[in-house]
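Visitor: One letter stands for each residue in the lines below.
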Amino acid sequence: MAESTASPSLWNNLAIKRDLWWQFTVRAVEMRHRGSYLGFAWSVLNPLMMAALYVSVFGLIFRGRFHVLPDETGPDFAIGVFLGLILFHLVAETLAIAPTIIIGQPNLVKKVVFPLEMLPLAQLSALWFHAMISLVLCLLAQLIIGRGLSIGILWLPVILAPLLLLTLGLGWLLAAIGVFFRDIGQILPVLGQIVLWASAVFYSPGALPAAAWAVLKWNPMLHTVVLARETALWNQPMSPTHLAYTWLAGAAVFVAGAWFFRATKRSFAEEL
Amino acid sequence: MSATKPIIVAQELAKAYRIWRHPSARAKAALLDLAASAFPRGSGPRAALARSAAAGYRDFQAVLPLSFEVRRGEAVGIIGRNGSGKSTLLQLIAGILQPTAGRIATHGRISALLELGSGFNPEFTGRENVYLNGSILGLASREMDRLIDPIIDFADIGEFIDEPVKTYSSGMMMRLAFAVAVCVQPDILIVDEALSVGDVFFTQKCFNRIREILAGGATLIFVSHDTAAVQNLCTRGLLLHQGKLLHDGTPEECVTRYFALVPRSAPAAKPAAGTHAPVRPEARAEMVQHDLVAMARSRHGERQLEIVAATFTNPLDTHDREVPLGARGTIRLLLRANQPVLHPAAGIQLFDRMSNLIFSAGTPQLNFSLPPLAAGQEILLDFRLGFDVQPGEYTLGLDAGELGPEGPNTGFFHDRVTGVGPITVTIDAHAPFPFFGAARLPLEISHA
Numbered sequence: 001m002a003e004s005t006a007s008p009s010l011w012n013n014l015a016i017k018r019d020l021w022w023q024f025t026v027r028a029v030e031m032r033h034r035g036s037y038l039g040f041a042w043s044v045l046n047p048l049m050m051a052a053l054y055v056s057v058f059g060l061i062f063r064g065r066f067h068v069l070p071d072e073t074g075p076d077f078a079i080g081v082f083l084g085l086i087l088f089h090l091v092a093e094t095l096a097i098a099p100t101i102i103i104g105q106p107n108l109v110k111k112v113v114f115p116l117e118m119l120p121l122a123q124l125s126a127l128w129f130h131a132m133i134s135l136v137l138c139l140l141a142q143l144i145i146g147r148g149l150s151i152g153i154l155w156l157p158v159i160l161a162p163l164l165l166l167t168l169g170l171g172w173l174l175a176a177i178g179v180f181f182r183d184i185g186q187i188l189p190v191l192g193q194i195v196l197w198a199s200a201v202f203y204s205p206g207a208l209p210a211a212a213w214a215v216l217k218w219n220p221m222l223h224t225v226v227l228a229r230e231t232a233l234w235n236q237p238m239s240p241t242h243l244a245y246t247w248l249a250g251a252a253v254f255v256a257g258a259w260f261f262r263a264t265k266r267s268f269a270e271e272l
Numbered sequence: 273m274s275a276t277k278p279i280i281v282a283q284e285l286a287k288a289y290r291i292w293r294h295p296s297a298r299a300k301a302a303l304l305d306l307a308a309s310a311f312p313r314g315s316g317p318r319a320a321l322a323r324s325a326a327a328g329y330r331d332f333q334a335v336l337p338l339s340f341e342v343r344r345g346e347a348v349g350i351i352g353r354n355g356s357g358k359s360t361l362l363q364l365i366a367g368i369l370q371p372t373a374g375r376i377a378t379h380g381r382i383s384a385l386l387e388l389g390s391g392f393n394p395e396f397t398g399r400e401n402v403y404l405n406g407s408i409l410g411l412a413s414r415e416m417d418r419l420i421d422p423i424i425d426f427a428d429i430g431e432f433i434d435e436p437v438k439t440y441s442s443g444m445m446m447r448l449a450f451a452v453a454v455c456v457q458p459d460i461l462i463v464d465e466a467l468s469v470g471d472v473f474f475t476q477k478c479f480n481r482i483r484e485i486l487a488g489g490a491t492l493i494f495v496s497h498d499t500a501a502v503q504n505l506c507t508r509g510l511l512l513h514q515g516k517l518l519h520d521g522t523p524e525e526c527v528t529r530y531f532a533l534v535p536r537s538a539p540a541a542k543p544a545a546g547t548h549a550p551v552r553p554e555a556r557a558e559m560v561q562h563d564l565v566a567m568a569r570s571r572h573g574e575r576q577l578e579i580v581a582a583t584f585t586n587p588l589d590t591h592d593r594e595v596p597l598g599a600r601g602t603i604r605l606l607l608r609a610n611q612p613v614l615h616p617a618a619g620i621q622l623f624d625r626m627s628n629l630i631f632s633a634g635t636p637q638l639n640f641s642l643p644p645l646a647a648g649q650e651i652l653l654d655f656r657l658g659f660d661v662q663p664g665e666y667t668l669g670l671d672a673g674e675l676g677p678e679g680p681n682t683g684f685f686h687d688r689v690t691g692v693g694p695i696t697v698t699i700d701a702h703a704p705f706p707f708f709g710a711a712r713l714p715l716e717i718s719h720a
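Going down the list, the sequences are from chains V and C. Under the working numbering, the first sequence has 137 at position 137, and the numbering climbs by one with no breaks. Add 272 to a position in the second sequence, counting from 1, and you land on the number used in the working numbering.
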């Protein structure tokens, strides 16, 4: 076993971890646009263009409906889809980037002693930062062209927190697995597509056949999307069971991911 | 912390790398091990499953169990051929690799320069990377605010500090990495080959800074193929060979033994008959009588080509080991081939009182080729050396070996003797000094 007593105070240690987290998060956010002319503006412009696209395609062309609100309009559908996609993208991008987070930084694994758990954490923080910008735009759209914000919006943090836990756990889990099985990068994009269609982004669970619901009701992502859309956006009655289930699933994935990462990180240096 | 408390302790430290025959073997082994754990310990199926799991890999022993302690203020040079386990040992000390057996304990902040710009993010500026490296080394950003100016000052890369690191030359990257590593006041500084990239001024600056850090009580672990640098900087040497700790002692001793390590791939010389005259018995007898090799301080090598005896003759033709400054002394070597030697070579070294190598040359440098020697053949060589060096005591090193197949500057030692002497270079106290410094170089003057 190896032991090292650098013995800075616990407080100092936390301060350093926070510094590292901040630096790597800022970097991950900047990395997206470094070198482009508009730079950080893209963090806002990108989701803005996406929002415009969804509002015009779903609100004006397809004229789809969730059939939850009796007086549902085109903008309602478009903003609902947009919100669902923001949450879906969080999971999809986690799946896409997580397996390469560790193997993409061999220097930090093999050449220095680095708190590696910080790398998935920083990448996930950057993803969430961008998602929050999109969310603000989504809520602005709801305020301006939708039916306005309801009291249900207060539920949003409680509804999204389990998703934060879920994506963090997934990030650690997949980052660690990616070190040992590079093949995982091949499977995950397909999984991403499955999540898209299984998470009620474009439909309401009420429209599902009973057989499909029997399976999909176990998908915590579906409940998060539905709760965010119907409770937070439309102020519909909230299902405490579904909310509790998302918390349970999020916590389970978080604990499992953190445990697996901790258990395996000591052998990362040998694998790269 | 007391001055004698060990700052690095390695006990039976060992590292093996698991090499999988096939990527899928790893998954298979994990499943087989899992299946094996379902059976009771010592049962037949369990052993069989474990055996098939083990068939998917072999273990490569990079570092065999070794123990040592390093104390505060020591400067330890680790030398060894490529693949001797040096880098693995450094990674174990730095805490990057986990040992497979034994334990390693370190105390204090470790600043490791394992590779050029490791831990640098190429997309970000030098300044940003300095802060990043600082946090990696355990310094909060407010502490780095205090250190950033000395670091930028030391790196001395000008405006580039605010440019992305990807635009740096390798020399600039090394300067910055080194500046961070030495300016954060490490307790243990680990340097691996990193100094070879900079120009001579920066290298000198690095060496001076390392000496300052050492004087401040820090500990240095230094790995380099530059054996002169190891001897210059280090107070202690560790010689690794094929994962084993061959020697733990003075740097000079380690360097000597290092050069005596004959590569396993050394070509076996074909028997060849020499064409030179046999050594006269009376010359041989005189040499044995005044032999200096027997009183040498250390000797290494397998002696395929052996230095049987060596004598020193001053300009007065006596064997007194005194020579006036500027005069010539003759070093005579009696060599014997104990097995056929195809391309024999021999040389001498002159070391000053502090063991600094002043001069070294031999048959390859003198462009003097020796005939192939058959087993049992002897040969006499005279090296006439002009002692154009400052007055004082010197020792000689002698070596006999073979030229390597890979070029004029390769080869290996069969017999290497150091600490021969001392030889005193004298000067008439009333005469003006002919020069100052370690040695006289050709110098002329004229009206321009």
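Bear in mind the hints are in silico, worked out from the structure with no lab data behind them. Since the model is a prediction, treat every value here as computed from it, not as a measurement. C-beta atoms are modelled at their ideal positions from N, C-alpha and C, and glycine is treated no differently. Take the hints with a grain of salt, since some may be wrong.
[As the list claims (entries may be wrong)] Restraint ranges, calculated between C-beta atoms of paired labels, are given here:
hint, chain 1, residue 1, chain 2, residue 2, range
1, C, H497, V, S267, 42 to 48 Å
2, V, L143, C, E431, 43 to 49 Å
3, V, R182, C, H497, 33 to 39 Å
4, V, Y37, C, N628, 54 to 60 Å
Visitor: Any hints this thing doesn't respect? Which numbers, in order?
Guide: Hint 1 contradicted; others consistent.
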